[in-house]
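Chemist: Build out the structure end to end from the sequences listed, making use of the hints.
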Amino acid sequence: MQLRPTALPLASSAPQDAKSIDKAARALEGEFARMMIRAMRQTGLGEDASFPGAAAQYRDLYDGQLAEMITRGRGLGLAETIRRQLGAQSASSAPPSAPLPLGRAAAAPMPLYTGVTPPALPIAPRAPTVPGASPSWPRADDWQATPRQVAEAARPAREGASRAERFVAEIWPLAKQAAQQLGVDPKTLVAQAALETGWGRRQIRTGDGASANNLFGIKATGWSGERARNLTTEYVGGEPRRESAQFRVYGSMAESFADYVRLLSGNPRYAEALRAGGDGRRFAQALQKAGYATDPHYADKLIAIAEGPTLKRALAGL
Numbered sequence: 296m297q298l299r300p301t302a303l304p305l306a307s308s309a310p311q312d313a314k315s316i317d318k319a320a321r322a323l324e325g326e327f328a329r330m331m332i333r334a335m336r337q338t339g340l341g342e343d344a345s346f347p348g349a350a351a352q353y354r355d356l357y358d359g360q361l362a363e364m365i366t367r368g369r370g371l372g373l374a375e376t377i378r379r380q381l382g383a384q385s386a387s388s389a390p391p392s393a394p395l396p397l398g399r400a401a402a403a404p405m406p407l408y409t410g411v412t413p414p415a416l417p418i419a420p421r422a423p424t425v426p427g428a429s430p431s432w433p434r435a436d437d438w439q440a441t442p443r444q445v446a447e448a449a450r451p452a453r454e455g456a457s458r459a460e461r462f463v464a465e466i467w468p469l470a471k472q473a474a475q476q477l478g479v480d481p482k483t484l485v486a487q488a489a490l491e492t493g494w495g496r497r498q499i500r501t502g503d504g505a506s507a508n509n510l511f512g513i514k515a516t517g518w519s520g521e522r523a524r525n526l527t528t529e530y531v532g533g534e535p536r537r538e539s540a541q542f543r544v545y546g547s548m549a550e551s552f553a554d555y556v557r558l559l560s561g562n563p564r565y566a567e568a569l570r571a572g573g574d575g576r577r578f579a580q581a582l583q584k585a586g587y588a589t590d591p592h593y594a595d596k597l598i599a600i601a602e603g604p605t606l607k608r609a610l611a612g613l
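Quick note: to get this note's numbering, add 295 to the position in the sequence shown (first position is 1).
In short, the hints are calculated from the structure, not lab data. No experiment lies behind these values; they were computed from the predicted model shown. Be a bit skeptical, because a hint or two may be false.
Stated by the list, open to error - DSSO-like mimics (lysine-lysine), calculated; alpha carbons at most 30 Å apart, straight line: (1) Lys-607 - Lys-584; (2) Lys-584 - Lys-471; (3) Lys-471 - Lys-607.
Modeler: Written as structure tokens, this is what we have:
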């Protein structure tokens, strides 16, 4: 990515110079973050089940807030690099009131990442309406936005599809076992895990950044085991509201499936969903009706993934 030279007017006094430089550096880093997120959206896995139809406007608002979160504090390290280079140029013999062309701030190419690892950014899991239920907002909030993950997410869609296929291959035996116990279609369980975790890319994280292995976004209500606090978005009156919540941490994906089976089979509110049997559409609609998630589009998203080309391609490769 190339940054076009842009004139940045700096004030004459030293304190004001520093303030202007900081403001300009953060603005450029924020714009870079927004461009980076747009590039990630363009290299998705196919259907965008998280933001269907008219909900695309929420995606833009969400991406803007995500860019702001990424650049908060130490950010990506780009702002600090720009500040150092502009500060050195401002202290030179050039008149401080003259516009500073960004393109000539340094003769050597400016690194976009300085090696400073930004703090982990918890990105909101989809929030449930009842204790123990699943979140319903795309979890950029359980994803740790490190530079390495940003680079991986921006790879071509073909590599993204391979990631989805690996995720499906890893959980398919567990999904079949759980589906047999519940009497439902295993493909629907895989689709729900894919919806909750972004095909394994955006799992709930513990405080040290490790995966919580929570494939179904189950909250920690009534849970005596380890917990992980993440940001979540709960829908109230059809409108998203961000809040912090604790989620269950499992030692493995197998434990996550086992707890999911216990949740559905042990709660009468999910009886109708289990009666759907192999009908994935009825199962998804009954889950939403029972209050598994507050997202009004949760069932539609689940069905779109279950019947979409990405999952079909992944299952065909098994």
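Chemist: If a hint holds in the structure, say so; if it does not, say that too.
Modeler: Now the hints, each set against the structure:
1. Lys-607 - Lys-584: 26 Å, holds
2. Lys-584 - Lys-471: With Cα atoms ~24 Å apart, Lys-584 and Lys-471 stay inside 30 Å; holds.
3. Lys-471 - Lys-607: Satisfied, since the Cα-Cα distance of roughly 16 Å is no more than 30 Å.
In terms of the numbered hints stated before, the structure departs from none.
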